[in-house]
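Listed below, chain by chain, are the residues.
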Amino acid sequence: MTQSTAAVQVQALTKVYGSGDVQVVAMRDVSFTLSKGEVVALLGPSGAGKSTLLTVIGLINAPTSGKLIIGNDLIADGPRPMGDLRSYRRRFIGYVLQKANLIPFLTALENVQLALEINDVSGRIARGRAMELLEELGVGHRTKNLPYMLSGGEQQRVAVARALANRPRVVLADEPTAALDSLRGRQVMELFRSVAHEHGTTVMVATHDHRSLDIFDRILEMEDGILRSNHASGTKEG
Amino acid sequence: MNLALRDIRHNLSRFSLTAVGIGMLLMIVMGMGGIYRGLIEEATLLVDRVGADLWVVQYGTRGPFAEISRIPRKLEDRLQAVPGVSSARAFVTYSVQREHMGKPLRMQVHGLSWPEDKGEWLPLVSGRHLGASHFEMIADRTLGLQLGDRVPLGKNVYTVVGITSDMFSIAGDGLAFFTLLDSLDIQYDYSGEAIRLERNARRARVARIDWGKTEPKLLERAELPSASLPAIAPPAVSAVLVQIKAGADPASVMAALSGWADVTVFTREQQNELLLKGVVDRSRRQLGLFRGILIVVSAIIMALILYTLTLEKLHDIAMLKLIGARNSVILSLILQQAILLGIFGYIIAFCAGKWVFPLFPRRVIITQDDLVFLALIVAAMSVVASVLGIWKAMRAEPNEVVS
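Protein sequence lines correspond, in order, to chains A and B. Just so we're aligned, residue 1 is where the first sequence starts under the numbering used here, counting upward by one. Just so we're aligned, residue 1 is where the second sequence starts under the numbering used here, counting upward by one.
Hints may contain errors.
[What the hints assert, rightly or not] Listed below are several chain B residues computed to face chain A (Cβ distance under 8 Å; list not exhaustive):
| no. | residue |
| --- | --- |
| 1 | Met-1 |
| 2 | Arg-6 |
| 3 | Asp-7 |
| 4 | His-10 |
| 5 | Val-50 |
| 6 | Ala-255 |
| 7 | Asp-316 |
| 8 | Met-319 |
| 9 | Lys-321 |
| 10 | Ile-323 |
| 11 | Gly-324 |
| 12 | Val-329 |
| 13 | Leu-331 |
| 14 | Pro-398 |
| 15 | Asn-399 |
| 16 | Val-401 |
[What the hints assert, rightly or not] Not close to chain A: a few residues of chain B, all C-beta gaps over 10 Å, as computed:
| no. | residue |
| --- | --- |
| 17 | Leu-3 |
| 18 | Arg-62 |
| 19 | Asp-77 |
| 20 | Pro-123 |
| 21 | Ile-170 |
| 22 | Leu-181 |
| 23 | Glu-215 |
| 24 | Pro-250 |
| 25 | Leu-287 |
| 26 | Thr-308 |
| 27 | His-315 |
| 28 | Ala-325 |
| 29 | Ile-347 |
| 30 | Ala-352 |
Keep in mind the hints are simulated off the structure, nothing from the lab. Backbone N, C-alpha and C define an ideal beta-carbon position, used for all residues, glycine too.
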């Protein structure tokens, strides 16, 4: 059953690595729903299963069991993908990782433009949209710079612009502020919030950084592959 | 957006150096083909330039370019009398190595049947053809001689009156042209001591026979110069070149000469074929094999370079996959770089070859066909070489960026 306001529905997702005697359960029976325009923090110690959850929602890894619904589309039902995952990733998902991972031989503008062109947007339109996004994220003055010429914060902003380029339904961020100082880290988190609220994009951020939790609408906490808590920011559920 | 060009722009110096390296390899491949063409050209050059219709050589031999051929010069007169023959001229060829101005001077001597043949058929770049029956020579410029140089050969000194270009023997030596008599003088140049010893030996041989013991005049005659003794044949020539009259049937002339038991006759085409199949064939096969090996080596090196370039980009390729790039985007990135590397390598090979090949001691001839053939090989090589890189790129997982 799908809901029109739900951006992502995760239903009993389980991920097991390995087989036979060497099985490792990375994530067990995780269920939750993310709404459109919601900013969600995913907390948990190392090895809690945060990255596994992100890679499954991000259509990089198939779940061992459970369902994943993005918008109204059933994307995965168990290990069997329901379509071309790369195409889904292209259209529905944006990624921001710990490192910006910008293509080093492309300028800031070209990095964003490429994400659009990959999604069959023509060069001129892609260029205009990329320029708009970079302006909006405050790096409009660095469009012609190669990644190595940008600071860590600027690189991360370009990565956010790239993630938003195709107006995805979901942006997944894995420790996006780990390489930044606290001030720049908070700026990036605030950026996610404004992006989510202004663009209606759902943002899910896996983080260890508890200093910026006030920015998020909701907080999910994982431990040992199990979703322990799912509560609105400022409250605490069991 | 063309990712291949942008990557090249970003790593321009490395790409340029790689292209130069590939270019040098391709230049060697191109050069091997050129040396092969040069070998054929050199082998058939003289036969084609001399323009004789028939080559009359020593019986049972394959002619002066394949082995030693000695026939009497008077054969010229016999051949002149054959119906259908327009002209017959003696031809001498052999190689000599002497010293000139303190440097070794190795050349292939050719004797021209003066005055009928003054070397008018030679492509002179300076000077003139032979203008006197003695002591003049025309030299190929690879011999390093200048107009007016005086070259001592045997007991005489020869003046360079003409310079030719691209006239090589099959062994790659520059050709030098003299009148027939001068060429024989150079070939049969004996020292005074050798002549005296030969005359004494001749006298001793006559003295041992009864006739010599009873005829003192015979002993005296044995000591005379060889040319004045009818029993000793004059020096032999290498071949006699026959020109057939216009309108005459070459086959009937051949048929007439094939009945002669002391000579063998070849047409110009047969002489060329003998040269190519006999003398050049091994070199041709050797060059061909070497060229093949070079192409394989170049392809392997190119594959390794492209593989390394791909390995360096593996993280970026995984990122491209993560953001949803189709395989065609990644494939074209690698393939385009491989083809661009091939194209630039080919251009560098061509330009460097244009500059380097003329400096080679032997001719390196690059034909249009060879250039097209090599271009096709480079295109195929680029595609094949990129397979390893493409295979590696296709195995890259978006996970690699996330983890």
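Verification of the hints:
Annotation: Met-1 of chain B was flagged as interfacial toward chain A, and the flag holds, the nearest CB pair being 5 Å apart, inside 8 Å. Restraint check, Arg-6 of chain B versus chain A: the minimum CB separation of about 5 Å is within 8 Å; hint holds. Restraint check, Asp-7 of chain B versus chain A: the minimum CB separation of about 5 Å is within 8 Å; hint holds. Annotation: interface hint on His-10 of chain B holds; nearest CB of chain A at approximately 3 Å, less than 8 Å.
Because the beta carbon of Val-50 of chain B sits about 62 Å from the nearest beta carbon in chain A, more than 8 Å, this interface hint is broken. Annotation: Ala-255 of chain B was flagged as interfacial toward chain A, and the flag is violated, the nearest CB pair being 76 Å apart, outside 8 Å. Annotation: interface hint on Asp-316 of chain B holds; nearest CB of chain A at approximately 5 Å, less than 8 Å. Annotation: Met-319 of chain B was flagged as interfacial toward chain A, and the flag holds, the nearest CB pair being 5 Å apart, inside 8 Å.
Given the 8 Å rule on beta carbons, the hint for Lys-321 of chain B holds: about 7 Å separates it from the nearest Cβ of chain A. The interface hint given for Ile-323 of chain B holds, since its Cβ lies 5 Å from the closest Cβ of chain A, which is under the 8 Å cut-off. A distance limit of 8 Å between C-beta atoms decides the matter here; for Gly-324 of chain B the minimum to chain A is near 3 Å, and the interface restraint holds. Interface hint status for Val-329 of chain B: upheld, as the beta-carbon distance to the closest one in chain A is roughly 7 Å, under 8 Å.
Checking Leu-331 of chain B against chain A by beta carbon gives a least distance of about 14 Å; that is not within 8 Å, so the hint is violated. Using the Cβ-Cβ criterion of 8 Å, the hint placing Pro-398 of chain B at the interface with chain A is satisfied: the shortest such distance is roughly 5 Å. A least Cβ separation of about 6 Å between Asn-399 of chain B and chain A falls short of the 8 Å threshold, and the interface hint therefore holds. Below 8 Å, beta-carbon pairs count as interface contacts, and Val-401 of chain B has one with chain A at about 6 Å; its hint therefore holds.
The Cβ of Leu-3 of chain B sits about 8 Å from the closest Cβ of chain A, inside the 10 Å cut-off, so the non-interface label is violated. Listed as a non-interface residue, Arg-62 of chain B keeps its Cβ farther than 10 Å from every Cβ of chain A; the least gap is roughly 64 Å. Separation of Asp-77 of chain B from chain A is adequate, the least Cβ-Cβ distance of about 82 Å exceeding the 10 Å criterion. For Pro-123 of chain B, the requirement that its beta carbon stay farther than 10 Å from each beta carbon of chain A is met, with the minimum near 54 Å.
Annotated as non-interface, Ile-170 of chain B keeps its C-beta farther than 10 Å from every C-beta of chain A; the closest such distance is 54 Å. At roughly 75 Å, the least C-beta separation between Leu-181 of chain B and chain A is larger than 10 Å, which holds for a residue marked as non-interface. Listed as outside the interface, Glu-215 of chain B is consistent with that label: its C-beta sits roughly 103 Å from the nearest C-beta of chain A, beyond the 10 Å cut-off. A cut-off of 10 Å between C-beta atoms confirms that Pro-250 of chain B is not in contact with chain A; the least separation is 70 Å.
A cut-off of 10 Å between C-beta atoms confirms that Leu-287 of chain B is not in contact with chain A; the least separation is 42 Å. Separation of Thr-308 of chain B from chain A is adequate, the least Cβ-Cβ distance of about 16 Å exceeding the 10 Å criterion. Its closest Cβ contact with chain A, about 7 Å, brings His-315 of chain B to no more than 10 Å, contrary to its assignment away from the interface. For Ala-325 of chain B, the non-interface assignment is contradicted: its Cβ lies about 5 Å from the closest Cβ of chain A, within the 10 Å cut-off.
For Ile-347 of chain B, the shortest C-beta to C-beta distance to chain A comes to about 23 Å, beyond the 10 Å cut-off, and the non-interface label holds. For Ala-352 of chain B, the non-interface assignment is confirmed: its Cβ lies about 28 Å from the closest Cβ of chain A, beyond the 10 Å cut-off.
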